[in-house]
Structures are given as C-alpha cells and as structure tokens.
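Just so you know, the protein sequences line up as chains A and B, in that order.
Going by my numbering, the first sequence opens with residue 1, and the numbers climb by one from there.
Going by my numbering, the second sequence opens with residue 255, and the numbers climb by one from there.
Don't take each hint at face value.
[As the list claims (entries may be wrong)] Just a sample of chain A residues kept apart from chain B, beta carbon distances all over 12 Å, derived:
{"id": "1", "residue": "F42"}
{"id": "2", "residue": "P92"}
{"id": "3", "residue": "R157"}
{"id": "4", "residue": "E189"}
{"id": "5", "residue": "P225"}
[Claimed, not checked] Using 16 Å as the maximum straight-line C-alpha spacing, the simulated EDC-like pairs for lysine to aspartate or glutamate come out as follows:
{"id": "6", "chain 1": "B", "residue 1": "K400", "chain 2": "A", "residue 2": "E56"}
{"id": "7", "chain 1": "B", "residue 1": "K287", "chain 2": "A", "residue 2": "E203"}
{"id": "8", "chain 1": "A", "residue 1": "K254", "chain 2": "B", "residue 2": "E326"}
{"id": "9", "chain 1": "B", "residue 1": "K334", "chain 2": "A", "residue 2": "E167"}
For the record, the hints were derived by calculation from the structure and aren't laboratory data.
The C-beta atom is built at its ideal place from N, Cα and C for all residues, glycine as well.
Protein chains: 2
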Amino acid sequence: MMPLSKNKIKYIRSIDQKKTRKEERVFLAEGPKLVGDLLPHFHCKLIAATSEWWQENAQVKADEKAVATPEELSRASLLKTPQQVLALFEQPADEWSANCLKGSLALALDDVQDPGNLGTIIRLADWFGIEHIFCSLNTVDVYSPKTIQATMGGIARVKVHYTDLQELIGSLTDVPVFGTFLDGANMYEEPLEQHGLIVMGNEGKGISREIEALITHKLYIPNYPLERETSESLNVAIATAVVCAEFRRQAAWK
Amino acid sequence: MMPLSKNKIKYIRSIDQKKTRKEERVFLAEGPKLVGDLLPHFHCKLIAATSEWWQENAQVKADEKAVATPEELSRASLLKTPQQVLALFEQPADEWSANCLKGSLALALDDVQDPGNLGTIIRLADWFGIEHIFCSLNTVDVYSPKTIQATMGGIARVKVHYTDLQELIGSLTDVPVFGTFLDGANMYEEPLEQHGLIVMGNEGKGISREIEALITHKLYIPNYPLERETSESLNVAIATAVVCAEFRRQAAWK
C-alpha cells in the first residue's frame, strides 16, 4: 500500500475550499464511523488511514488506498481531533424532479448559511423520514467538510438538491408550502398534512419576501409561557426539528 | 476615549482560553445585537467599538471604553466575521440551591462537550421558559466565546450551574428525573409532568451509567416512519428541543 504523500496531504486539505470541491467533484469525510457509514453509498476515491485501521478493513474498496501515520493524518485532517481514517468520496449527480414532492414531506432551505446547521438539518431529516431537501442557490455547500461531519451519515440517505427555490415553489400546484413566522398559526392547533414542502429561512433574515409570498400555510412555533414578551428566536436547525417532530407526531399519535 | 492598545487586543484574544477566563472571571461577547442584549444584565468591564458605534451608544456604561478601527477589532475578534463592537463582561457568581428545581422544569447536561451545542441549548431553554440548567463538572465551559455567541442573548435569562450531577440528582426527593433512551417510553404517549429535571447526555456517549441509574422516567423520541430500522441518532441540542417542545405542548395544548 502506498504511503500518504505530502502532495496528497495538500490535496486533501484543499478540499476545504468550495472552489476545489466543485472542480474535483469530491467531498471529505473523517472518522471510522462516518467513513464506514458512507462507503456503501458513495464511490470512494481515496482512503488514508493508519495501519491499524487497514488491518481491520483490508477488504474496503477505494480507487486509492494510503497508509499514514497519525501525524500525517493530523496534517491532512480538517478536524480539531483528527481520526485514524479519512476518505474522499465522489459527489453524486444532483438528480431530481418535482415528483420528489409528490405525496411526501420535503424540506426547502432558503439561504441557510452555517455548514453545521445544514449538516444537523440533514441528520434530523434522516431521523424524521424526510428524503429530499431543496436548497436555494445561496445555501451553504452540502459538501463542506463541516456539513458532512455534522450529518453523522445522514447524507447517505437524505438527498440534497440545489435549485432556484422561487421558481420551484412557483411551479408547484396542489402542494402545501409551510413556513414558520411570528404571525403564523399555532402549529399545535393546525391539522398538518403529511405531504408538501416545509420552508426554513436564513439564520439572520429568516424566509425572504419572495419566498414568503409563496407560502400557503404560515405556522408558528409557540414559545412558553405564552404570555411572555420575548425577543428570542430559535436556531434554524432547532426550529426545523421542532416543526418536523410535530408533523410526524400528528401523523402517528394524534 | 482611549484607543484600543495592542496589549488590550492580546488580552481580549486570551479570553478564548478557559484558564484565562477562569482567572479573570470575564467572558467575551461580540456584535451590536448580543452586546446590547447583555449590557442590562451583566457588569461590563470593557467595550471596544468603532467610532460609528460609539456615536450611537455614547451613554453605555463600562469600566473601560475603547475606540477601535475595524482592523483593530478584527485582530481582537474571535469571530470569522468581526463586528463593530465587542465587550468583556464579568461572570456572575454561580448561586443556586435545590429550590431552583421546585415546581418548575430544569435541564441537566451530563458532559455536553461542544460549545455550540451548549449555547444552542441555552437559547432554546430561553424559548421554552426553562430558567435553570445544571451542568456536570465535565460539561464544556458556558463562558466559551462560541457558547456565548450561540446563546443569542439567552445567557441573560437562563442560569447555568456547574455541579456534581450524580450528587445533585441523588439528593432529590419527589422530583421526576427524565432522560431519553432508545428503550424509553414513547414521549407522545406519556403524560409529562411540568416539573422536574430533564437530563441530556454527552454527544458521543449519551447519559452515563451512573446518572442513568437515577433516571425515574425513561423517554423515547420516536423516529419516523416507526417500523424503520435506523442506526441514526439526533444531535443533543436537537433532542433537547424536541423533548422540551413536547413538555410545553402537553402543558398548553393537550
């Protein structure tokens, strides 16, 4: 097995740049659990791992296999706590049609900016059985290493698509489009249909005006106690989770 | 008004170190919104801001006031996108008694390690009207700059206490202690009392065995669809939010 060269280390680190990821059409995943979860789902271009990891995973398939010392791995790693294995996978083609929205619940993200938030949303979508996430063109790159790590493997099952959200939503007929707003209807008092699109907005600005105009069901996540004057809000991943949980509760336990 | 000296910039940056924060008993907050939200609640030791910010906030009280160029602020800042103001506040004394647990709902965090997760939990506790969070002694420092930024001001209202959780929970009588487990009872089918302690565990290991033995109500957050085989889990802040939302839903809309 080949050793991990200095050039290869440099190449791995360059995948932190969106431009390089786009050109190379790869993404980075680190750690035995995550790499193991992704191997059956994505074409693996490169694995760099310690000889201990290789001893237990000799059968694993990848275009290139490299053995590395912990020091070399920590030079290649983008994590604070480097792991004994990291891998580069090929980005799958982004194939979808509006049919992905037929009869099931999907998410739409209107300019979510934080890679950790996007990864956490992918992870929770996986938990709540949501297969498709539509991202506006300004949403952070799903293949950012921080996003991939935060999905905890959810990226293997949840499909993430980039598209002009305004155009997509504008083209829909008979599909409920949900969004959360301070002046929306209390989601606990609304019968929530189990199909349609749940739109979540940017961390600072929320849902844009253009998209807001296309929302058919404005919902509100009540805070507590109700009479309290608040200036607070919820983090976008937290709000997404609380809304998805309520949709699924109504489906199964109402 | 004094300019922001090189030594002061170095001092501000040193607050990223837990050791220094502990010795100095201060914490850092950045950005006009967050600094503005915290000023009425904490004693302010230092504000460094652009002359533009000072023009609109001349009346603000702080032990030291410094005017700085955007370049100087970006040297002092721990953020990727430095803001026009940052401030050092005094850490309040950690005063609490088991009475904080009487008749209301509180959170307990068993070794939560990620500063962003802790900050997000404080923010959502604020939203759901939870005033006290008890942290195990190995939980990440609440005064980490990343935590403070993620609270989005929630730190002004939510009180965070560090203590030996095992000892605290062991000393409680007639207080329900909740925790989420894969073999817990479906939380949507359990009547949830509106007082007691909700324990959330470490990102990797969950709730420790010692604490698990003290849980009186094991709950489960159902995934969807129910019959699905899953190896997934939820991020700890996400799980906290979904559980707190369900407690409050049952209080107000059941």
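**Hints violated by the structure (listed by number, smallest first)** = Hints 3, 4, 5, 6, 8, 9 not satisfied by this model.
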